[in-house]
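**Student:** Listed below, chain by chain, are the residues.
There are 2 protein chains.
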Amino acid sequence: MSEFDLINHFFKSTTVNRADVLLGIGDDCAILSPPDNKKLAVSTDTLISGVHFPESASAEDIGYKSLAVNLSDLAAMGAEPAWVSLAISLPEANKVWLKNFISGFNELAEKFNVALIGGDTTQGPLSVTINVTGFVDPDKALKRSNASPGDFIFVTGDIGDAHLGLKSILNDNFNNRLTNQQISYCEKKLNRPQPRFDAGNQLKTFSASAIDISDGLLADLSHICKASNVGAVLNIDKIPVSDALLNYYQDKPDWHSVLTAGDDYELCFTCPKSQSFEMQKIMKENNVTVSCIGEISENTEIICKLNNQKLDFEQTGYNHF
Amino acid sequence: MSEFDLINHFFKSTTVNRADVLLGIGDDCAILSPPDNKKLAVSTDTLISGVHFPESASAEDIGYKSLAVNLSDLAAMGAEPAWVSLAISLPEANKVWLKNFISGFNELAEKFNVALIGGDTTQGPLSVTINVTGFVDPDKALKRSNASPGDFIFVTGDIGDAHLGLKSILNDNFNNRLTNQQISYCEKKLNRPQPRFDAGNQLKTFSASAIDISDGLLADLSHICKASNVGAVLNIDKIPVSDALLNYYQDKPDWHSVLTAGDDYELCFTCPKSQSFEMQKIMKENNVTVSCIGEISENTEIICKLNNQKLDFEQTGYNHF
Numbered sequence: 001m002s003e004f005d006l007i008n009h010f011f012k013s014t015t016v017n018r019a020d021v022l023l024g025i026g027d028d029c030a031i032l033s034p035p036d037n038k039k040l041a042v043s044t045d046t047l048i049s050g051v052h053f054p055e056s057a058s059a060e061d062i063g064y065k066s067l068a069v070n071l072s073d074l075a076a077m078g079a080e081p082a083w084v085s086l087a088i089s090l091p092e093a094n095k096v097w098l099k100n101f102i103s104g105f106n107e108l109a110e111k112f113n114v115a116l117i118g119g120d121t122t123q124g125p126l127s128v129t130i131n132v133t134g135f136v137d138p139d140k141a142l143k144r145s146n147a148s149p150g151d152f153i154f155v156t157g158d159i160g161d162a163h164l165g166l167k168s169i170l171n172d173n174f175n176n177r178l179t180n181q182q183i184s185y186c187e188k189k190l191n192r193p194q195p196r197f198d199a200g201n202q203l204k205t206f207s208a209s210a211i212d213i214s215d216g217l218l219a220d221l222s223h224i225c226k227a228s229n230v231g232a233v234l235n236i237d238k239i240p241v242s243d244a245l246l247n248y249y250q251d252k253p254d255w256h257s258v259l260t261a262g263d264d265y266e267l268c269f270t271c272p273k274s275q276s277f278e279m280q281k282i283m284k285e286n287n288v289t290v291s292c293i294g295e296i297s298e299n300t301e302i303i304c305k306l307n308n309q310k311l312d313f314e315q316t317g318y319n320h321f
Numbered sequence: 001m002s003e004f005d006l007i008n009h010f011f012k013s014t015t016v017n018r019a020d021v022l023l024g025i026g027d028d029c030a031i032l033s034p035p036d037n038k039k040l041a042v043s044t045d046t047l048i049s050g051v052h053f054p055e056s057a058s059a060e061d062i063g064y065k066s067l068a069v070n071l072s073d074l075a076a077m078g079a080e081p082a083w084v085s086l087a088i089s090l091p092e093a094n095k096v097w098l099k100n101f102i103s104g105f106n107e108l109a110e111k112f113n114v115a116l117i118g119g120d121t122t123q124g125p126l127s128v129t130i131n132v133t134g135f136v137d138p139d140k141a142l143k144r145s146n147a148s149p150g151d152f153i154f155v156t157g158d159i160g161d162a163h164l165g166l167k168s169i170l171n172d173n174f175n176n177r178l179t180n181q182q183i184s185y186c187e188k189k190l191n192r193p194q195p196r197f198d199a200g201n202q203l204k205t206f207s208a209s210a211i212d213i214s215d216g217l218l219a220d221l222s223h224i225c226k227a228s229n230v231g232a233v234l235n236i237d238k239i240p241v242s243d244a245l246l247n248y249y250q251d252k253p254d255w256h257s258v259l260t261a262g263d264d265y266e267l268c269f270t271c272p273k274s275q276s277f278e279m280q281k282i283m284k285e286n287n288v289t290v291s292c293i294g295e296i297s298e299n300t301e302i303i304c305k306l307n308n309q310k311l312d313f314e315q316t317g318y319n320h321f
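Chains as they are written, first to last, in UniProt numbering: chain X, 1 to 321; chain S, 1 to 321.
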């Protein structure tokens, strides 16, 4: 099967049609019509087998996750998703694998109305590179540089479950500390992260900065601090964790692991104190769980406190090299 | 060195700044301001070491070619280049390699005023995926579906030299048939193809269809024919070839090789007979060499003729699988 047949068969089987896609897959370029009153938000991420997803991951989960981690960047900017380009490198032209990959990809693309507008398939070790474009009002973008001393620091959802999911897949012996349901929940957090548009959309009306937690809470928060030229005091014991994680650590979480494990794709964001009550109220009305875990400081270091005692943590997340 | 340091060091060392890039590399997304009166043209291509460039290719040439083949898609659509996202997969964080890669990339980016707006570096076998965006007037886009029976078929420049360059690099014994200057010319055609914006820009005012020759003239022309639901009669002996190619084949070109060899990145395009004289005049005024090599037919097959004799050629180009 030739490259062209592959593209025609599988890339064209995506199901989202948008009126702003004037010419889709099949020519030298796609032609797109951006909205008059918005700017574009664009992000690119590569996922490599064995690095960004387990080698044992199903084609459907890889398709889902590849799109999810890219959309997550749009959510962290407060952007509305629109278009996606997809480049896949595959060891062989495996029809069944591609069909399942596109099926997982489509499931998420349909949920957020994202149209596939370009693609390339090449022969090589399994990897996926995705480029997403969304629409944003630049005055309301959740830039990393928006944090100010005194702002509260929040996270959405629970932190650390994706890492437990990875432990499970890598055959960690859970010694019956987790129920099958909890194991399945953690593996789903790893393989099918949810881009937090629910939170990003609401945050746009506040003076917020945001980042998605891909490399670990501490590493990602440090990007906000660096871009805003500020520091942070983090109350470790306020970091929200699931019952599954508490069970795994027998109620004494390994905070270093929770702080440095990536792949949760929750949002870490800041909000001025004066707007925090209103922000939390609106999040609650929209069923988005957020937790206050610290405060931005003037000093440019990140201080971690456990029960008000200062701790030393290496300020690093997942290091790709 | 961490992923972030790599991105900061090398991706930020690109030198093209554009007023329509409101927020560049360093946040979750770039923020871009599209022009009011244009649509967007978008294309994605992956280049894999040993497939799309020789394993021996220099980092500078890889940087140049990766951008060139993507910009070539914009040229083939009649679009004006603007923004580029770059995802590199590297076996190791090699500073010297990255510096040279970005140097080759910048050389071309500066030539066409393309701003790097996003990047991702991952550890893995060497590959480059690029996403380019340009501006286009959709009424003037050089769509593959624009060809009509009776249109003349043209190509820019000479065909087949990039393939000779590959032969040279793979240690083909040229038996002194080519001068060192000719060998160097052919290798440059392979490693540093020129996106034909000079031709694409002029073609916009005509009822033209166009494609860039990446997979071979016959394969790429067949994409125009398929999209336009037409066929073609190709006069093989009218295909423009260089003195280097004539020397290599001792004045008897291997036309099958010329028709199926890819990587020239010249444009193959169609133009109505009634507009061809004017088009050729304008091309000449702009120092763009174009050659008429055949005519679009109603019948949906591609017929190849040599000295008015019909030939049989397998209608295929480079097959990635």
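Simulated from the structure, these hints should not be mistaken for laboratory data. A few of these clues could be false.
As the list claims (entries may be wrong) - Below, in silico cross-link-like pairs of lysine-lysine (PhoX-like), each with a Cα-Cα straight-line distance of 20 Å or less:
1. S:LYS95 with S:LYS12
2. S:LYS12 with X:LYS12
3. S:LYS12 with X:LYS226
4. X:LYS38 with S:LYS38
Stated by the list, open to error - Pair ranges (Cβ atoms, derived):
5. S:HIS9 with X:CYS292: 46 to 56 Å
6. S:PRO138 with X:PRO149: 47 to 57 Å
7. S:HIS9 with X:ILE282: 12 to 22 Å
8. S:ASN229 with X:LEU170: 33 to 43 Å
From the three backbone atoms N, C-alpha and C, an ideal C-beta is built for every residue, glycine too.
**Student:** Against this structure, judge whether each hint is valid.
**Tutor:** For each hint, the structure was consulted:
{"no.": "1", "hint": "S:LYS95 with S:LYS12", "verdict": "14 Å, holds"}
{"no.": "2", "hint": "S:LYS12 with X:LYS12", "verdict": "35 Å, violated"}
{"no.": "3", "hint": "S:LYS12 with X:LYS226", "verdict": "16 Å, holds"}
{"no.": "4", "hint": "X:LYS38 with S:LYS38", "verdict": "14 Å, holds"}
{"no.": "5", "hint": "S:HIS9 with X:CYS292: 46 to 56 Å", "verdict": "35 Å, violated"}
{"no.": "6", "hint": "S:PRO138 with X:PRO149: 47 to 57 Å", "verdict": "48 Å, holds"}
{"no.": "7", "hint": "S:HIS9 with X:ILE282: 12 to 22 Å", "verdict": "40 Å, violated"}
{"no.": "8", "hint": "S:ASN229 with X:LEU170: 33 to 43 Å", "verdict": "53 Å, violated"}
Of the numbered hints stated above, those contradicted by the structure are hints 2, 5, 7 and 8, listed in ascending order.
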